[in-house]
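Colleague: Single-letter residue listing:
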Amino acid sequence: EAGVAQSPRYKIIEKRQSVAFWCNPISGHATLYWYQQILGQGPKLLIQFQNNGVVDDSQLPKDRFSAERLKGVDSTLKIQPAKLEDSAVYLCASSHSSGKYQETQYFGPGTRLLVL
Amino acid sequence: AQSVTQPDIHITVSEGASLELRCNYSYGATPYLFWYVQSPGQGLQLLLKYFSGDTLVQGIKGFEAEFKRSQSSFNLRKPSVHWSDAAEYFCAVCPGLDSWGKLQFGAGTQVVVTP
Chain A
30 EAGVAQSPRY KIIEKRQSVA FWCNPISGHA TLYWYQQILG QGPKLLIQFQ NNGVVDDSQL
90 PKDRFSAERL KGVDSTLKIQ PAKLEDSAVY LCASSHSSGK YQETQYFGPG TRLLVL
Chain B
9 AQSVTQPDIH ITVSEGASLE LRCNYSYGAT PYLFWYVQSP GQGLQLLLKY FSGDTLVQGI
69 KGFEAEFKRS QSSFNLRKPS VHWSDAAEYF CAVCPGLDSW GKLQFGAGTQ VVVTP
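As you go down the protein sequences, you meet chains A and B in turn.
Just add 29 to wherever you are in the first sequence, counting from 1, and you've got the working numbering.
Just add 8 to wherever you are in the second sequence, counting from 1, and you've got the working numbering.
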């Protein structure tokens with residue numbers, strides 16, 4: 030079974046530029062999560078999708094971050110414009126369903142973003 | 009405020025020695041508890057989880073964790089570490105069924121294994 034795929038693996042941009050990250054979850058997984066992991070910290074949930082709907086985006090900085098999962102499969106996270114403090118690893122995770130308790134989240138390798 | 013604390017930022021252990029990583033949480037009720045491992049360049053992998061029942065939980069790679077309600081702790085242990093156990097370990101909490109999926113992670117403990 031293929032795991033969660035993310036691209037690119039690394040990205041370097043200058044502040045005020047825009048950037049987009051892509052995630053393809055495990056086939057059949059209805060729930061998709063985006064996390065931000067700043068160096069020295071644990072991952073922080075940014076947004077959770079159930080199929081193509083947003084379940085929770087309370088911690089997403091909506092003035093600059095946006096995410097979509099139009100067809101309920103893969104997802105894109107965008108930052109526009111980027112700030113220095115956005116430098117982090119962006120992790121994508123998926124689970125079969127968030128409606129069923131005990132579902133495990135499976136994580137992708139992450140995209141490491143450096144904003145100069 | 010609800011929080012997850014991993015008091016040890018960095019631990020060095022000799023290969024073959026035992027390992028214990030600490031995790032404390034601050035929530036009103038018993039949350040659902042997890043331990044994940046992150047190797048360099050890789051995503052987080054679930055080691056084990058606790059929902060209810062037996063307070064000693066067995067996981068993959070020879071790890072176990074013990075839930076202690078009185079101490080609000082969920083410490084991870086391994087009797088004999090291998091060089092491949094060098095990684096960063098994260099304790100995570102899900103506050104409850106109505107928050108399922110909304111994991112809150114500790115800051116992590118970096119484990120270094122020496123020969």
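Please note that the accuracy of each hint is not assured.
[Said to hold, decoys possible] 20 Å max Cα-Cα, derived SDA-like pairs, lysine to any residue:
hint, chain 1, residue 1, chain 2, residue 2
1, B, K110, A, K44
2, A, K73, B, S47
3, A, K73, B, R85
4, B, K110, A, L142
5, A, K44, A, Q79
6, B, K57, B, W91
7, B, K110, A, Q79
8, A, K44, A, L142
9, A, K112, A, Q79
10, B, K110, A, E132
11, B, K110, A, S95
12, A, K73, B, E28
13, B, K69, B, S80
14, B, K110, A, K112
15, B, K57, A, K112
16, B, K57, A, K44
The hints are simulated quantities; they were obtained by calculation from the structure and are not laboratory data.
Colleague: Hints first: check each against the structure and report whether it holds.
Modeller: Taking the hints in turn, this is what the structure says about them:
1. For the hint pairing B:K110 with A:K44, the CA-to-CA distance comes to about 30 Å; that exceeds 20 Å, so the pair is violated.
2. Note on A:K73 and B:S47: the hinted pairing holds, with a Cα-Cα distance of about 18 Å set against a maximum of 20 Å.
3. With a C-alpha separation of about 25 Å, the suggested pair A:K73 and B:R85 falls outside the 20 Å cut-off, and the hint is violated.
4. Taking the CA atoms of B:K110 and A:L142, the gap is about 23 Å. The hint is violated against a cut of 20 Å.
5. With a C-alpha separation of about 32 Å, the suggested pairing of A:K44 with A:Q79 is violated against the 20 Å cut-off.
6. Between the alpha carbons of B:K57 and B:W91 the distance comes to roughly 23 Å, so the proposed pair goes past 20 Å and is violated.
7. As the CA atoms of B:K110 and A:Q79 are separated by approximately 13 Å, the hinted pair is consistent with the 20 Å bound.
8. Proximity of A:K44 to A:L142 is assessed by CA-CA distance (about 11 Å); at most 20 Å being required, the pair is judged to hold.
9. For the proposed pair A:K112 and A:Q79, the alpha carbon gap of about 29 Å is over 20 Å, so the pair is violated.
10. Under the criterion of a C-alpha separation no larger than 20 Å, the hint pairing B:K110 with A:E132 is consistent with the structure, at around 12 Å.
11. Annotation: proposed proximity of B:K110 to A:S95 holds, straight-line Cα distance about 19 Å (limit 20 Å).
12. Taking the CA atoms of A:K73 and B:E28, the gap is about 24 Å. The hint is violated against a cut of 20 Å.
13. Distance restraint check for B:K69 and B:S80: the Cα-Cα separation of roughly 25 Å exceeds the 20 Å cut-off, and the hinted pair is therefore not satisfied.
14. The straight-line distance between the Cα atoms of B:K110 and A:K112 is roughly 25 Å, outside the 20 Å bound, and the hint therefore fails.
15. Restraint check for B:K57 and A:K112: not satisfied, since their Cα atoms lie roughly 36 Å apart, outside the 20 Å limit.
16. As the CA atoms of B:K57 and A:K44 are separated by approximately 39 Å, the hinted pair breaks the 20 Å bound.
Hint check: violations occur at hints 1, 3, 4, 5, 6, 9, 12, 13, 14, 15 and 16; the rest are consistent with the structure.
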